[in-house]
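S.K.: Here's the letter readout for the chains.
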Amino acid sequence: MADKVLMKGNEAIAEAAIIAGCRHYFGYPITPQTEIAAYMAKRMPKIGGCFLQAESEIAAINMVYGVASTGLRVMTSSSSPGISLKGEGLSYLAGADLPSLVINVQRGGPGLGGIQPSQSDYFQATKAGGHGDFRMLVLAPSSVQEMADLTVKGFELADKYRMTSMILADGTMGQMMEPVSLEYDIKPMPEKPWATTGTKMEREHNIVNSLFLQPDALEKSNLERFERYKYIEENEVMYEEYMMDDAEICIAAFGIAARVAKNAIVEARNKGIKVGMIRPITLWPFPTKAFEAAAEKAHTFISVELSMGQMLEDVKLATKCKGEYMLCSRVGGMIPSPEEVLAAIEKANGGAK
Amino acid sequence: MIYKRITLLCGHYGSGKTNVAVNMAYDQKEAYKKVAIADLDIVNPYFRTKDSAKDFEDMGIELIASEYAGSNVDIPALPQQIYSICDQKDKQAIIDVGGDDRGAYALGRIAPSILAENNYEMLFVINCFRPLTRDAESTIEVMREIEYAAKIKFTAIVNNSNLGEETTREDVLKSLAYAEEISQKTGLPIKCTSVYNKLYDDLKNEIPNLFSLKLQDKIN
Numbered sequence: 001m002a003d004k005v006l007m008k009g010n011e012a013i014a015e016a017a018i019i020a021g022c023r024h025y026f027g028y029p030i031t032p033q034t035e036i037a038a039y040m041a042k043r044m045p046k047i048g049g050c051f052l053q054a055e056s057e058i059a060a061i062n063m064v065y066g067v068a069s070t071g072l073r074v075m076t077s078s079s080s081p082g083i084s085l086k087g088e089g090l091s092y093l094a095g096a097d098l099p100s101l102v103i104n105v106q107r108g109g110p111g112l113g114g115i116q117p118s119q120s121d122y123f124q125a126t127k128a129g130g131h132g133d134f135r136m137l138v139l140a141p142s143s144v145q146e147m148a149d150l151t152v153k154g155f156e157l158a159d160k161y162r163m164t165s166m167i168l169a170d171g172t173m174g175q176m177m178e179p180v181s182l183e184y185d186i187k188p189m190p191e192k193p194w195a196t197t198g199t200k201m202e203r204e205h206n207i208v209n210s211l212f213l214q215p216d217a218l219e220k221s222n223l224e225r226f227e228r229y230k231y232i233e234e235n236e237v238m239y240e241e242y243m244m245d246d247a248e249i250c251i252a253a254f255g256i257a258a259r260v261a262k263n264a265i266v267e268a269r270n271k272g273i274k275v276g277m278i279r280p281i282t283l284w285p286f287p288t289k290a291f292e293a294a295a296e297k298a299h300t301f302i303s304v305e306l307s308m309g310q311m312l313e314d315v316k317l318a319t320k321c322k323g324e325y326m327l328c329s330r331v332g333g334m335i336p337s338p339e340e341v342l343a344a345i346e347k348a349n350g351g352a353k
Numbered sequence: 001m002i003y004k005r006i007t008l009l010c011g012h013y014g015s016g017k018t019n020v021a022v023n024m025a026y027d028q029k030e031a032y033k034k035v036a037i038a039d040l041d042i043v044n045p046y047f048r049t050k051d052s053a054k055d056f057e058d059m060g061i062e063l064i065a066s067e068y069a070g071s072n073v074d075i076p077a078l079p080q081q082i083y084s085i086c087d088q089k090d091k092q093a094i095i096d097v098g099g100d101d102r103g104a105y106a107l108g109r110i111a112p113s114i115l116a117e118n119n120y121e122m123l124f125v126i127n128c129f130r131p132l133t134r135d136a137e138s139t140i141e142v143m144r145e146i147e148y149a150a151k152i153k154f155t156a157i158v159n160n161s162n163l164g165e166e167t168t169r170e171d172v173l174k175s176l177a178y179a180e181e182i183s184q185k186t187g188l189p190i191k192c193t194s195v196y197n198k199l200y201d202d203l204k205n206e207i208p209n210l211f212s213l214k215l216q217d218k219i220n
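Protein sequences appear in the order of chains G and R. Just so we're aligned: the first sequence equals residues 1 to 353 in the numbering used here. Just so we're aligned: the second sequence equals residues 1 to 220 in the numbering used here.
Source of the hints: derived by calculation from the structure; they are not laboratory data. Every residue gets a Cβ at the ideal spot worked out from N, C-alpha and C, and that includes glycine. Fair warning: there could be bad hints in the mix.
Said to hold, decoys possible - With the C-beta cut set under 8 Å, the calculated list includes, among others, these residues of chain G facing chain R:
#1 11
#2 171
#3 175
Extracted from the complex, chain G is given alone in its bound form (with noise of 0.2 Å):
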């Protein structure tokens, strides 16, 4: 009856994924993402879908696995733990070069940890998700609107480059309530020559695996997907820039941490302070040449977070450590206020302590 739904965040992104075509969901249960599989338990069955609770998340990355290999939409989710337990699997997935989307809603760690937000899997997402050498594109919602708009762009991404699009979320992300549209323009998926859909005994037969019996025929694989990533790393990259035309303090943020920071920046304007925000989307690939340029005009970057640097470096890396970092973070559970955000921002204009 309305235009306009109002949505948790995980929900919009169950619902997302069911308009991208998602016909296959298997997950299994961990606070802060639950309702990601409530709500495909009570749709799939509706639409002729597969909602499958797992016995563990090891089998549903495996399930994820097996029907991405027949080239359809296939999605699984789950909370920090949860994603450590998928790691194997998110790398058999790359291995093979298969598409999939993964959601990832961030709760405090190391270890059980706790069932409050946090930032702190961005190495994980952007480093190191499973053994050997490969990549995922990881995109970071900030808004409920977002979390159903990058779950549709994940799997265009996914399909495109026959990888794993993760969802960096976190738990406030995946909790809260705000108005979404849901109207998409989804393009047909691309063709999958690849996928095993039976072969009518009228081509060869198609093989996903990720072994290689020769360690030179490995290496090839290797390097072909590499050249892949860097075309991506050319092409992909998203972000939105907040007041950078001027910006003498530059702050880097993504998800919850840059709806705070954009508060805070707001306040310290209003004081005359010269502070603009660089707010990721991807992750990876991470926007390198955005905080290049930044760091022709900004002297001091201060990266706001719910993990302990963990983005920092990588805005050092890009800026080639040429200014003064500062981090302005809270972890465990906790998020950084306005004002804490704002004290960093007075601190690097050389302002109140």
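With chain G's structure known, arrange chain R on it following the hints.
M.R.: Relative to the frame of chain G, chain R by itself:
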């Protein structure tokens, strides 16, 4: 508004039960000396009645909540003090029940004594802007599931249709037909239409039994 001794709030997950419950507690505190609000949510990990703990303390409203609510552990525990709601008949009580039928199972435990006392209202909170309750039919389906789990039948509807802070007066006016249809099909009266306080003045002459909501603090 007129209240029975016990007000139970149930509804689809995310319909806005907690906000309505919190505001009904504020409202009752103006008329009654002893008011308690109980957080029986065993479903939702974040955004709980307990988030308003400071306000309740300032206003002298008793908060009954699991010590694990809002903490870092995920334990669907019920506060043992919920039995005081049934035993202490001199106090008004608002019970915020978790979403859907799964949340309502928590109510089944104290349902017999609520029914025996027979001084309660069981309110069904509805929101047509939620994706799985956008029409009367799907909303009534949720309602029947909750009644089955809660072991108590609904007595009235609270139309809390909203799009959060983006809600416009037109959105609220559009939702009236939806609430009316549910009312007619179920035979339940509409106790009130709740809107957040910024819209209240604009709509108070157009909607009967309009209830103003102060929103809980949230992150921008």
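S.K.: Each hint: holds or not?
M.R.: Hint by hint, here is what the structure shows:
Because the smallest distance between the Cβ of residue 11(G) and any Cβ of chain R comes to about 6 Å, under 8 Å, the interface hint for this residue holds. This hint holds: residue 171(G) has a C-beta 7 Å from the nearest C-beta of chain R, less than the 8 Å allowed. Interface restraint check: residue 175(G) against chain R, minimum CB-CB distance 4 Å, threshold 8 Å, status holds.
The earlier numbered hints are all upheld by this structure, with none contradicted.
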